[in-house]
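Chains H and X, in that order, are what the protein sequence lines are. Be aware that the first sequence starts at 1, since it is given in the working numbering, and climbs by one per residue. Be aware that the second sequence starts at 1, since it is given in the working numbering, and climbs by one per residue.
Since the hints were made in silico from the structure, they are not lab data. Please note that the accuracy of each hint is not assured.
[As the list claims (entries may be wrong)] Some, not all, of what chain X presents toward chain H, calculated at C-beta under 7 Å:
hint	residue
1	L21
2	A28
3	N138
4	A141
5	A168
6	R176
7	R211
8	L212
[What the hints assert, rightly or not] Here are the computed distance ranges between Cβ atoms for each label pair:
hint	chain 1	residue 1	chain 2	residue 2	range
9	X	E73	H	R176	43 to 49 Å
10	X	P140	H	E73	28 to 34 Å
11	H	A63	X	R30	53 to 59 Å
12	H	Q190	X	A129	28 to 34 Å
13	H	D119	X	D180	22 to 28 Å
14	X	P31	H	R173	55 to 61 Å
15	X	R173	H	G156	25 to 31 Å
16	X	D72	H	L220	40 to 46 Å
17	H	S60	X	L220	56 to 62 Å
18	X	D180	H	R176	34 to 40 Å
19	H	N35	X	R153	33 to 39 Å
20	H	E122	X	E41	28 to 34 Å
21	H	A28	X	A129	48 to 54 Å
22	H	R153	X	I14	19 to 25 Å
[Said to hold, decoys possible] Derived list of chain X stretches under chain H, where covered just means 3 residues or more per stretch with a C-beta under 8 Å from a C-beta of chain H:
hint	stretch
23	43-53
24	127-137
25	148-158
26	202-209
27	216-222
As the structure is a prediction and not an experimental result, all values here were calculated from the model. Don't be surprised by glycine CBs; every beta carbon is placed ideally from N, CA and C.
The residues making up each chain are set out below.
Protein chains: 2
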Amino acid sequence: MRISELSRRSGVSIPTIKYYLRDGLLPAGRPTAANQAEYDEDHVRRLRLIRSLIGVRGLSVSATKDVLAAVDEQQGDVHLLLGLVLGALPVERSGRPPRRDGAAEPAGAGAAEPAGARDAAEDVAALTAEMGWKTSPNPPAAQVVAETLETMRALGVDYDWRSLVPYAELADRAARLDLDQLPDAGDPLQQAERAVLLTVLLEPALLALRRLAQEHHSALRFGNG
Amino acid sequence: MRISELSRRSGVSIPTIKYYLRDGLLPAGRPTAANQAEYDEDHVRRLRLIRSLIGVRGLSVSATKDVLAAVDEQQGDVHLLLGLVLGALPVERSGRPPRRDGAAEPAGAGAAEPAGARDAAEDVAALTAEMGWKTSPNPPAAQVVAETLETMRALGVDYDWRSLVPYAELADRAARLDLDQLPDAGDPLQQAERAVLLTVLLEPALLALRRLAQEHHSALRFGNG
Numbered sequence: 001m002r003i004s005e006l007s008r009r010s011g012v013s014i015p016t017i018k019y020y021l022r023d024g025l026l027p028a029g030r031p032t033a034a035n036q037a038e039y040d041e042d043h044v045r046r047l048r049l050i051r052s053l054i055g056v057r058g059l060s061v062s063a064t065k066d067v068l069a070a071v072d073e074q075q076g077d078v079h080l081l082l083g084l085v086l087g088a089l090p091v092e093r094s095g096r097p098p099r100r101d102g103a104a105e106p107a108g109a110g111a112a113e114p115a116g117a118r119d120a121a122e123d124v125a126a127l128t129a130e131m132g133w134k135t136s137p138n139p140p141a142a143q144v145v146a147e148t149l150e151t152m153r154a155l156g157v158d159y160d161w162r163s164l165v166p167y168a169e170l171a172d173r174a175a176r177l178d179l180d181q182l183p184d185a186g187d188p189l190q191q192a193e194r195a196v197l198l199t200v201l202l203e204p205a206l207l208a209l210r211r212l213a214q215e216h217h218s219a220l221r222f223g224n225g
Numbered sequence: 001m002r003i004s005e006l007s008r009r010s011g012v013s014i015p016t017i018k019y020y021l022r023d024g025l026l027p028a029g030r031p032t033a034a035n036q037a038e039y040d041e042d043h044v045r046r047l048r049l050i051r052s053l054i055g056v057r058g059l060s061v062s063a064t065k066d067v068l069a070a071v072d073e074q075q076g077d078v079h080l081l082l083g084l085v086l087g088a089l090p091v092e093r094s095g096r097p098p099r100r101d102g103a104a105e106p107a108g109a110g111a112a113e114p115a116g117a118r119d120a121a122e123d124v125a126a127l128t129a130e131m132g133w134k135t136s137p138n139p140p141a142a143q144v145v146a147e148t149l150e151t152m153r154a155l156g157v158d159y160d161w162r163s164l165v166p167y168a169e170l171a172d173r174a175a176r177l178d179l180d181q182l183p184d185a186g187d188p189l190q191q192a193e194r195a196v197l198l199t200v201l202l203e204p205a206l207l208a209l210r211r212l213a214q215e216h217h218s219a220l221r222f223g224n225g
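Using the sequences and the hints, build the whole thing.
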């Protein structure tokens, strides 16, 4: 197909496609005339993956390049490919920790912080052990869980890893649902794209579904009508 | 207690407490001397709630004021209180929709967009009906789900509301877990604070747990070792 058709099929504008071609993100097409080239389905798929990494997830062009280079190398090893795509995506930290205002800290509070962080890391290790989850060492996601536990405690909420076990069980089922939707054979680019979509794009929707369910169950439990 | 003790207990600095007092976010203490006042447990709790709304969730001071005023009015009606706290919190939209690049759109594609949005809204209505969820009209969370479905389709993924039903079932269980952790009687400020913490602060941790589980199950299914 010509570049105009590639643009139509992928939803990426011609100037942006030309930029990706110059930058090496997208391999060149097969030259057919002085200023023309022929593109194929692989170009469409790769453009969609680039678009989901940059446009949906907000990765930089250079981070996207790294991911794509690694995808090319890992063709055929689905686990490595997924680990790569999942690992390349920094976990969203939408909950900012409470502002720590030096002036308000009692004397000696500064010294207590590393202990809190250490406790939280141990808590996450206990949680993943309880769940039987085997992960890479120090994944960013574990850090997020540790930070949440730390923040909860800083806010005076009595919360430890045991409180998260029922949520971890739901997360375990969600992850199995996610993977059920990946074709376990087939084009690695397509799998990588689908993994990005399912991990990243679904995230706001999953939280939104929880909000809808909270509203419903709150009405059932506490509603007067 | 004096303001210094209030600062220590709440983790909020004295200058910030004075700012909240001037701004009316925090009710004045009981005057004891020319420049001194006595504060109580209600002040500690209210400061913690202010801190979680502003510091954790990133609400503006004026939005926080609105929420607190409403909390004061709704004392005793837990459902209204929670609806308020939950509704006051805009749903995080971490997944940006793919960039729509005018130049790349085929002729007539612009006209198709409203239909896509309408289909997505109908999809969400079908999903909440299937789940038996009763919610307020047009909650922001429903809009997030609709946008996700729309984006999925724009990226060429075959996805409709039925694909989300298993996730909605998990969300339903998560919401019930959340509400189990709210004291169903007691101080409304404390309940409001706990609702904020459980809805907002847990969100990044829930997504992080899913990532950890994804990594584990991906290794089980696709790993070579």
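Evaluated hints:
no.: 1; hint: L21; verdict: 15 Å, violated
no.: 2; hint: A28; verdict: 19 Å, violated
no.: 3; hint: N138; verdict: 12 Å, violated
no.: 4; hint: A141; verdict: 4 Å, holds
no.: 5; hint: A168; verdict: 5 Å, holds
no.: 6; hint: R176; verdict: 6 Å, holds
no.: 7; hint: R211; verdict: 4 Å, holds
no.: 8; hint: L212; verdict: 5 Å, holds
no.: 9; hint: X/E73 x H/R176: 43 to 49 Å; verdict: 45 Å, holds
no.: 10; hint: X/P140 x H/E73: 28 to 34 Å; verdict: 42 Å, violated
no.: 11; hint: H/A63 x X/R30: 53 to 59 Å; verdict: 56 Å, holds
no.: 12; hint: H/Q190 x X/A129: 28 to 34 Å; verdict: 33 Å, holds
no.: 13; hint: H/D119 x X/D180: 22 to 28 Å; verdict: 25 Å, holds
no.: 14; hint: X/P31 x H/R173: 55 to 61 Å; verdict: 56 Å, holds
no.: 15; hint: X/R173 x H/G156: 25 to 31 Å; verdict: 27 Å, holds
no.: 16; hint: X/D72 x H/L220: 40 to 46 Å; verdict: 25 Å, violated
no.: 17; hint: H/S60 x X/L220: 56 to 62 Å; verdict: 32 Å, violated
no.: 18; hint: X/D180 x H/R176: 34 to 40 Å; verdict: 24 Å, violated
no.: 19; hint: H/N35 x X/R153: 33 to 39 Å; verdict: 34 Å, holds
no.: 20; hint: H/E122 x X/E41: 28 to 34 Å; verdict: 32 Å, holds
no.: 21; hint: H/A28 x X/A129: 48 to 54 Å; verdict: 50 Å, holds
no.: 22; hint: H/R153 x X/I14: 19 to 25 Å; verdict: 23 Å, holds
no.: 23; hint: 43-53; verdict: holds (count 3)
no.: 24; hint: 127-137; verdict: holds (count 7)
no.: 25; hint: 148-158; verdict: holds (count 8)
no.: 26; hint: 202-209; verdict: holds (count 8)
no.: 27; hint: 216-222; verdict: holds (count 6)
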